[in-house]
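Residue numbers (this note's numbering), protein chains in the order written: chain P, 1 to 111; chain Z, 1 to 113.
Rather than coming from a laboratory, the hints here were simulated on the basis of the structure.
Please note: incorrect hints may appear among the correct ones.
[Said to hold, decoys possible] Pairwise CB distance ranges (calculated):
1. Asn62/Z x Glu14/P: 40 to 46 Å
2. Pro76/P x Arg44/Z: 29 to 35 Å
3. Pro39/Z x Thr108/P: 16 to 22 Å
4. Gln45/P x Ala82/Z: 28 to 34 Å
[What the hints assert, rightly or not] Examples of chain Z residues lying across from chain P (beta carbon under 10 Å, computed):
5. Val4
6. Gln6
7. Tyr35
8. Gly40
9. Leu43
10. Tyr48
11. Asp56
12. Glu59
Quick reminder that beta carbons are idealized off the backbone N, C-alpha and C, glycines included.
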Amino acid sequence: DAKTTQPPSMDCAEGRAANLPCNHSTISGNEYVYWYRQIHSQGPQYIIHGLKNNETNEMASLIITEDRKSSTLILPHATLRDTAVYYCIVRVGNTGNQFYFGTGTSLTVIP
Amino acid sequence: NAGVTQTPKFQVLKTGQSMTLQCAQDMNHEYMSWYRQDPGMGLRLIHYSVGAGITDQGEVPNGYNVSRSTTEDFPLRLLSAAPSQTSVYFCASSYIGGRQTQYFGPGTRLTVL
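Please take these sequences and the hints and turn them into a complete structure.
If you want it as structure tokens, here you go:
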């Protein structure tokens, strides 16, 4: 099963880009990389996902390296409301649906 | 759509008591799952289901039972609660497939004394 490694915590100045790294060196060719965040003790919130190409949506951008062994989530203009724990997840399982969460990165956006 | 709903929001049990955590979704998702989250930890998968009548174990299934009689509902049963089961429980659902997004409920905070 592919697992992920993330730094436990990061700080980012408000208005600056937040770049959150993730290593997933054992990822298989058909496994997607997902990013979720969790604010306080709420249910995790979907941010973005990708397979091999870079992806962008209204919340963030996802950069996946060519060998797919790592990725970076980019929040282009961090706000105080982006303070949360960010989880990088690789989907595993025959159905492709099981998520295995690590401990994530606690991002603090500083005024 | 209400999305994924969970009841109750909070629950206190005594050791040895049983209870059922309810989870329902109105998005016609085939896949449903239960996670637990202990303080300072990430979510860990307890059980999951890929459709009515089909369930399977995740990372930490011991002490929990599930069943899936309908597409909409996926209850989690604690037969004999233990203090080690004090946690926040999240239910999630999605369509089947490698690129399907999972939607999470608001969670149930359970304390076992």
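Quick rundown of the hints versus the structure:
1. At about 44 Å, the CB distance of Asn62/Z to Glu14/P agrees with the hint of 40 to 46 Å.
2. Judged by the Cβ atoms, the range 29 to 35 Å given for Pro76/P and Arg44/Z holds: they are separated by roughly 32 Å.
3. The beta-carbon spacing between Pro39/Z and Thr108/P, approximately 18 Å, falls within the hinted interval of 16 to 22 Å.
4. Roughly 30 Å separates the CB atoms of Gln45/P and Ala82/Z, a value that falls within the hinted 28 to 34 Å.
5. Proximity of Val4/Z to chain P holds as hinted, the smallest CB-CB distance being about 8 Å (cut-off 10 Å).
6. The interface hint given for Gln6/Z is met, as the beta carbon of that residue sits about 9 Å from the closest beta carbon of chain P, less than 10 Å.
7. Because the beta carbon of Tyr35/Z sits about 8 Å from the nearest beta carbon in chain P, less than 10 Å, this interface hint is met.
8. The beta carbon of Gly40/Z is positioned within 10 Å of a beta carbon in chain P (closest approach about 8 Å), and the interface hint is therefore held.
9. Annotation: interface hint on Leu43/Z holds; nearest CB of chain P at approximately 4 Å, less than 10 Å.
10. Hint on Tyr48/Z holds. Least Cβ distance to chain P is approximately 6 Å, under the 10 Å limit.
11. Against a cut-off of 10 Å between C-beta atoms, the interface hint on Asp56/Z holds, since the closest Cβ of chain P lies about 9 Å away.
12. The interface hint given for Glu59/Z is met, as the beta carbon of that residue sits about 7 Å from the closest beta carbon of chain P, less than 10 Å.
Hint compliance for this structure: no hint is broken.
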